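Student: Please work from the sequences and hints to get the whole structure.
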Amino acid sequence: MKVDRATVQHIARLARITVSDDEAARFEGELSGIIEWVEQLEEVDTDGVEPMTRVVEMAMTQRDDEVNDGGIADDIVANAPEKADHFFVVPKVVE
Amino acid sequence: MPNDARTSHLIEGDTGSWEIVIGLEVHAQVVSKSKLFSGASTEFGGSPNAQVSLVDAAMPGMLPVINRECVEQAVRTGLGLNAQINLVSVFDRKNYFYPDLPQGYQISQFTKPIVGEGEIVLDMGEEGEVSVGIERLHLEQDAGKSLHDQHPDHSYVDLNRSGIALMEIVSKPDLRSAEQAKVYVAKLRTILRYLGTCDGNMEEGSLRADVNVSVRKPGDELGTRCEIKNVNSIRFIGEAVDYEAARQVEILEDGGEIIQETRLFDPDAGETRSMRSKEEAHDYRYFPDPDLLPLELSQDDVERIKAELPELPDARKARFMRELALEHDVAERLVADRDVAEYFEALARGRDANLAANWITGELFGALNKLDLTIDRSPVDANQLGALLDLMDDGAVSGRTAKDVFETMLATGQPAGEIVAAQGLEQVSDTGAIEQVVDEVIAANPDQVEQVKSKPKTLGWFVGQVMQKTGGKANPQTVNDILRRKLEIGDDQDQDS
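Note that the protein sequences, when read in sequence, are chains A and B.
For what it's worth, the numbering used here labels the leading residue of the first sequence as 1, then goes sequentially.
For what it's worth, the numbering used here labels the leading residue of the second sequence as 1, then goes sequentially.
It should be emphasised that the hints constitute simulated quantities derived from the structure, not laboratory data.
Some hints here could point you the wrong way.
As the list claims (entries may be wrong) - Reference listing, derived: stretches of chain B covered by chain A, where coverage requires no fewer than 3 residues with Cβ under 8 Å from a Cβ of chain A:
{"id": "1", "stretch": "41-49"}
{"id": "2", "stretch": "76-87"}
{"id": "3", "stretch": "156-167"}
{"id": "4", "stretch": "371-385"}
As the list claims (entries may be wrong) - Residues of chain A clear of chain B, computed beta-carbon distances all greater than 10 Å:
{"id": "5", "residue": "Met1"}
{"id": "6", "residue": "Lys2"}
{"id": "7", "residue": "Glu23"}
{"id": "8", "residue": "Phe27"}
{"id": "9", "residue": "Gln40"}
{"id": "10", "residue": "Thr53"}
{"id": "11", "residue": "Asp75"}
{"id": "12", "residue": "Glu82"}
{"id": "13", "residue": "Phe87"}
None of these values were measured; they are calculated from a predicted model.
No residue lacks a Cβ here, since even glycine has one placed at the ideal position from N, Cα and C.
Tutor: Written as structure tokens, this is what we have:
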């Protein structure tokens, strides 16, 4: 599958990354190459094979329902570029 | 029972009848102490970012660990909806950017949800029962909260809600009217509250619905739908459906086309508005979350949870009708709220069930309505009201007096017995005591006794005398009976004077 220019720009927009035309041209080739490389896997017959979800046989770890975290509002907003009364402050976002 | 055109509510347009088709996605906050993937508290109303762990804030390197209780709550809900429980389910990342979503993705379940198809049966009164299919139920994280009114050009973000477990419960497009949509959400809320898996508090946002509406000519294929996001009251759901269906019919009859889009319901204006027309809005690029292994349940776990399920509203309603001989509508009203049903059971134990039901749906509901209280905060609990019913049953107070006593109980919180004793409201039905007073009155008034033999209507004078001497507490019927017997007067009130 070829990744065209429009797809590159679409992905960039979804990722909120500005991509110049020069960059888009480069990504077009790189992304197409990656996809084509992965597409080789389609040659393998995987009928009836369960997708692999783990390397070693193990179950997902579960926790008990206990409150043992939080209460660290200072730490949570410590790196925020802008904050007020422990809120993150961001440019106005209203739909 | 199938919800076909016969039971649907068609709307009339210029080009004929239209059928409304509605499907609902309900987001129900799971009752748990801590979040779905972190140990931070789920308590409502905490100070900003005080209930946030480094996992909820999506700090680099933090890993999610699932809360066992949230999983069990989802299974419990699935069983309560008579749904298939999937022993293996998978968490996926739903990718989008928003300031209240620090991860840049929501952990949700896309292709393999924990609960599959189920069913809710709606009691539509006259219309009969309507079966609504459940498509699926999956677990996901809630987002944080943005406040837009704190600053003219900034939004404030609080992540306390971020990471709290939600159940998204998706119905099939089986609903055909605003009324059915409202009854569906009310019934789902009732079931969740019975199960204890969601508190159903719509004001605090514990239960909110996305409403999908389309219209079609009866028998046609499904029309293009619009999704009305985050409607947070049952009344608004009804209003949103009616407005949206009328809007779509008008567009189609004018030769226009419905654009599939997300809309917002504005309760003040009573209308829906387009929220975003970005075509890319739904490109979520789901993929399995590499931080989480598949969620596996054993059949034994499911069976254990099933064995512990409480009695659900439909079963309870059937039992109230079968064992306590309640009318269908009365039983329906009592089971609609778990707290009401429990109050009723406590009150009816060892008492006349219909009397208990009448007092709850009449006096108690009236009082709670006036005081704007829910039954769990009633100033008169089931034991206290029970004591009053017992006084009536013993004949100690009349039905009329009981209502006055109940008013005083509401106002003062005093026990019924104390109020009756303190205010001397006790009705005297003790025939011995009354007889003695009657004898005194007869002995003291020979002239009147002579007169009443020819003019039976003057019996009322004797009743008055007896009531006066007993301070109004004698049971008037008993007084009447005793007087008639002693004065040898028949029951016929119309005897010629």
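Student: Please write out, lowest number first, the hints stated earlier that are contradicted by the structure.
Tutor: Failing hints, ascending: 2, 4, 10, 11, 12 and 13.
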